[in-house]
Amino acid sequence: DQQVKQNSPSLSVQEGRISILNCDYTNSMFDYFLWYKKYPAEGPTFLISISSIKDKNEDGRFTVFLNKSAKHLSLHIVPSQPGDSAVYFCAASGAQFYFGTGTSLTVIP
Amino acid sequence: NAGVTQTPKFQVLKTGQSMTLQCAQDMNHEYMSWYRQDPGMGLRLIHYSVGAGITDQGEVPNGYNVSRSTTEDFPLRLLSAAPSQTSVYFCASSRDRNYQPQHFGDGTRLSIL
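If you read the protein sequences in the order shown, they are chains A and B. Here the first sequence stands for residues 1 to 109, numbered as in our numbering. Here the second sequence stands for residues 1001 to 1113, numbered as in our numbering.
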């Protein structure tokens, strides 16, 4: 059973607007969460992370929000740029790392 | 800055053949891991290692072997390839297993006929 879920396979956003990518998890023992970005024919690249003791972490245009009671994680990208077009994976860590199935983001110029 | 290097980039095998996917990192990372990526399945952990001489199974270990004789290298072995092992394989490393993001290689695309 999938322990980390990304229910939106794809998302399209206009350049300059906000992109919101969502992720849900089932295991309350997860204590570290990450977002990765992946371009075709390349490996995933680390974007931003958050530990379970926080509910928000910012890095430039990227902000990750964690709602532990809802077991929900989201990534906000503001403003979105065409170069942000990629597949985004969320991941959660407990004893092992678990990845979601990915959301393909397209930023339209 | 090599980071995590995977070889080969592409490989085609016949059912029943064996092969080793190579992974090397030059960052002196203790934690290394192997994932496979399949359509609609995300990345799934195959095996991982928390240091030289120590390996453990991940979510989908069947059909794969690993060893970790040095800090730098973490090869993945397919002893008898099956079509179900057709996938893209990624190797990753991090300083340790706790609260550290992993650095990924660019993957090996493996097809088994």
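Accuracy of the hints is not assured; some may be wrong.
The calculated lysine-lysine pairs, modelled on DSS-like cross-linking and capped at a C-alpha distance of 30 Å, are [stated by the list, open to error]:
#1 K56/A <-> K71/A
#2 K5/A <-> K71/A
#3 K54/A <-> K1009/B
#4 K54/A <-> K68/A
#5 K54/A <-> K5/A
#6 K5/A <-> K1009/B
Calculated directly from the structure, the hints in this document are not laboratory data.
Which of the numbered hints above does this structure break?
-> 3
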